[in-house]
Structure formats: C-alpha cells, structure tokens
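**Q** Sequence:
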Amino acid sequence: MDCSLGKLIRDRRDRDEFFSESEIRNYCFQILKGLDYMHKHGCFHCDMKPDNLLVSGGVIKIADLGSAQEFLSNSPYKEYITTRWYRAPEVLLYSEYGSAIDMWAMGTIMAELFLLCPLFSGDCANTQVYRICNILGCPDDRSWLGESTKFYRFPQFQKIPLDVLMIDVSEDAIDLMTLLLSWNPNKRPTAAEALRHPFFKPCYEVQTLPCLSIGPPMALGSTRGVVHAQ
Numbered sequence: 262m263d264c265s266l267g268k269l270i271r272d273r274r275d276r277d278e279f280f281s282e283s284e285i286r287n288y289c290f291q292i293l294k295g296l297d298y299m300h301k302h303g304c305f306h307c308d309m310k311p312d313n314l315l316v317s318g319g320v321i322k323i324a325d326l327g328s329a330q331e332f333l334s335n336s337p338y339k340e341y342i343t344t345r346w347y348r349a350p351e352v353l354l355y356s357e358y359g360s361a362i363d364m365w366a367m368g369t370i371m372a373e374l375f376l377l378c379p380l381f382s383g384d385c386a387n388t389q390v391y392r393i394c395n396i397l398g399c400p401d402d403r404s405w406l407g408e409s410t411k412f413y414r415f416p417q418f419q420k421i422p423l424d425v426l427m428i429d430v431s432e433d434a435i436d437l438m439t440l441l442l443s444w445n446p447n448k449r450p451t452a453a454e455a456l457r458h459p460f461f462k463p464c465y466e467v468q469t470l471p472c473l474s475i476g477p478p479m480a481l482g483s484t485r486g487v488v489h490a491q
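Position 223 of the sequence shown, counted from 1, bears residue number 484 in this note's numbering, the numbering being contiguous throughout.
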C-alpha cells in the first residue's frame, strides 16, 4: 500500500485540493464492503479512522484490527476504544455499544473526506461531546437518550444541517452522512444498508470493460498464465 487515507487527506489539505465526489464514493464504497464483511462474520473494528485505512491507487483496505471485538465475545467491552475524533456518542457516554460504532466512524470519515479536516475534533471526552452537540444539536428522547445519559448535562445547541457546512455536496451524500451520524445507534444504517443507499448507485452501473481472452495453456516450466485484452 502506498499510504494511509489520513496521509492522503493531509496531503490534499496542504495543497488545498479537494477530493471529487466520485473519489469519495469509491473509497467509501470499498470501506463499507470491508465493514459489511467483518460485521457479517461477527466482528466490529472499534478503531475506524483515516490512519487505519491503507490506500494504493484507487484501492483502499481496512487495517489495524488490534482493537476489533467479536459480537458474542465473553470478554468485557473496553471503555476507551476508537480514536477520540471518530468515537461514537455511546462510547463517550459509557453506554452499551456494538457494531454501530463503526458506522458512526464511517460517517466522520466520509465528512472528513469532503472537508479535509475532522468534523468533530475535541481534545478530551467532554469537549468531544461538546463538538458533536455543536453540529448535531443536543439529543432528546426522539434522537437518543441512553440510560447512562439521564444525568448528563448536554450543551444546548441547535442542529446545523450538514449541507450548511459542506457546499457543493450532493443531497445523497449529505443524506447518507446524516444517517450515519445519528445519535441513536439503532437508527444508523448497517454497512449492508449503507451500500444500498442512492449515493452508491453509480457503483452498481454496468461499465464498459475491455474484452478479455485467456492465453494459451502454460508450457512446461512456465510460472504464470497470460491474459490478453482485445
């Protein structure tokens, strides 16, 4: 792999060169395919962030599974997981958590690809909650109020629509990020559901590919076959 997605974002920021929406769609589609595979096989990553995504050309892969957990693991869940800027509210507020924390992180990563900077950049858990409330507004009974937050005093902010923060971003992209960044983990789409979002419709369109033909059988002593494009 050439570099991490985090380095790629920092390089683009230094050059003041934004990613195109098609680039972001391509990266996010691949990341979600990887998360869908992990979640369907009983694991969630627990530390999704740009520096844990490795990029080579147009290919991106999920790395650093050191914090990954199994859904049915008997070991206790960790209190401090996920790098703070990508940490879901339920983790920050010491509530129960599951694979939806990966989907929250996916929303923050997608936003960072559009903005070239983290969406929520707190320097401690309390300021992280403050940063989230500053954009998403204070949670209520409709958005999510977990058992562990009954006595938590949230800073009072009105929600700022993401399309106010991100100009020239498509409605589908804004809608997907808004869903992923739901306070309520049960309202976030799963990876499989996110992959079916209209934002990814171009990823399923049939593309014109070169016609491939398989070369002649390998001669004795050959080490690889040949594929010829016509």
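In short, the hints are calculated from the structure, not lab data. All C-beta atoms in this analysis are idealised placements derived from N, C-alpha and C, irrespective of residue type, glycine included. Treat the hints with caution; some may be incorrect.
Cut-off 30 Å, straight-line C-alpha distance, at most; resulting in silico cross-link-like pairs (DSBU-like, lysine-lysine) [said to hold, decoys possible]:
| # | residue 1 | residue 2 |
| --- | --- | --- |
| 1 | K448 | K294 |
| 2 | K448 | K420 |
| 3 | K420 | K322 |
| 4 | K268 | K294 |
| 5 | K462 | K448 |
| 6 | K301 | K448 |
| 7 | K322 | K448 |
| 8 | K301 | K322 |
Taking CB as the label site, the calculated pair distances span [stated by the list, open to error]:
| # | residue 1 | residue 2 | range |
| --- | --- | --- | --- |
| 9 | L426 | K268 | 34 to 40 Å |
| 10 | S317 | A453 | 35 to 41 Å |
| 11 | S431 | V320 | 21 to 27 Å |
| 12 | H302 | R457 | 32 to 38 Å |
| 13 | K268 | D401 | 18 to 24 Å |
| 14 | R274 | K294 | 37 to 43 Å |
| 15 | C464 | Q419 | 33 to 39 Å |
| 16 | S431 | C378 | 16 to 22 Å |
**Q** Indicate, hint by hint, whether the structure satisfies it.
**A** Here is what the structure says about each hint:
1. K448 with K294: holds, 20 Å
2. K448 with K420: With Cα atoms ~17 Å apart, K448 and K420 stay inside 30 Å; holds.
3. K420 with K322: violated, 33 Å
4. K268 with K294: Given pair K268, K294 holds - Cα atoms ~22 Å apart, limit 30 Å.
5. K462 with K448: holds, 22 Å
6. K301 with K448: holds, 18 Å
7. K322 with K448: Holds, at roughly 26 Å.
8. K301 with K322: holds, 17 Å
9. L426 with K268: 34 to 40 Å: violated, 24 Å
10. S317 with A453: 35 to 41 Å: With a Cβ separation near 25 Å, S317 and A453 fall outside 35 to 41 Å, so the hint is violated.
11. S431 with V320: 21 to 27 Å: Holds - the Cβ-Cβ distance for S431 and V320, about 24 Å, lies within 21 to 27 Å.
12. H302 with R457: 32 to 38 Å: violated, 19 Å
13. K268 with D401: 18 to 24 Å: violated, 39 Å
14. R274 with K294: 37 to 43 Å: Roughly 26 Å apart at Cβ, these two residues miss the hinted range, so it is violated.
15. C464 with Q419: 33 to 39 Å: Holds - the Cβ-Cβ distance for C464 and Q419, about 35 Å, lies within 33 to 39 Å.
16. S431 with C378: 16 to 22 Å: Check passed, 20 Å falls within 16 to 22 Å.
Hint compliance for this structure: hints 3, 9, 10, 12, 13, 14 are not met, and every other hint is.
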